[in-house]
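Using my numbering, read the sequence shown as starting at 771 and increasing by one per residue.
Certain hints may be false.
Simulated restraints on C-beta separations [claimed, not checked]:
hint: 1; residue 1: Pro837; residue 2: Thr789; range: 48 to 56 Å
hint: 2; residue 1: Ala827; residue 2: Pro790; range: 50 to 58 Å
hint: 3; residue 1: Thr825; residue 2: Leu795; range: 24 to 32 Å
hint: 4; residue 1: Pro834; residue 2: Thr779; range: 38 to 46 Å
hint: 5; residue 1: Leu848; residue 2: Thr779; range: 18 to 26 Å
hint: 6; residue 1: Phe849; residue 2: Asp820; range: 29 to 37 Å
Calculated from the structure, these hints are not laboratory results.
The model shown is predicted, which means the values in this text are computed figures rather than measured ones.
Beta carbons are placed, not taken as given, at the ideal position from N, Cα and C, and that holds for glycine.
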Amino acid sequence: MTVSDIGATTNQITARLPTPVLELLDNAARELKRSRAEIVRQAIEYYLEDFDDLTVAVERLRDPGDPVLDWDEVKRDLFGSDQT
């Protein structure tokens with residue numbers, strides 16, 4: 771499942787935050803005219819999207835069948851000369 775697959779059903783969780791983080795959260799919520807829950811929900815969604823992207827990137831890096839490209843060779847192929 772990815773973040774884009776998330777439906778309308780919601781569940782409640784509880785989290786403990788250090789006071790300075792809670793103060794920053796409250797400031798952001800006030801400035802954005804949103805609730806704490808909206809800010810936290812959106813932050814988690816963004817984090818999970820990034821995590822999903824990073825997971826795919828790491829899997830590709832670990833793929834032994836994926837060729838490793840030499841940067842100088844790529845530049846020569848792209849620009850037609852030895853760009854250093």
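Okay, the hints, checked on the actual structure:
1. Pro837 / Thr789: 48 to 56 Å: holds, 51 Å
2. Ala827 / Pro790: 50 to 58 Å: 32 Å Cβ-Cβ, so the 50 to 58 Å window is violated.
3. Thr825 / Leu795: 24 to 32 Å: The hint (24 to 32 Å, Cβ to Cβ) holds, given that Thr825 and Leu795 are roughly 27 Å apart.
4. Pro834 / Thr779: 38 to 46 Å: Holds: the Cβ-Cβ distance is about 40 Å, inside 38 to 46 Å.
5. Leu848 / Thr779: 18 to 26 Å: The hinted range 18 to 26 Å is violated for Leu848 and Thr779, with Cβ atoms some 48 Å apart.
6. Phe849 / Asp820: 29 to 37 Å: This hint holds: roughly 32 Å between Cβ atoms.
Hint compliance for this structure: hints 2, 5 are not met, and every other hint is.
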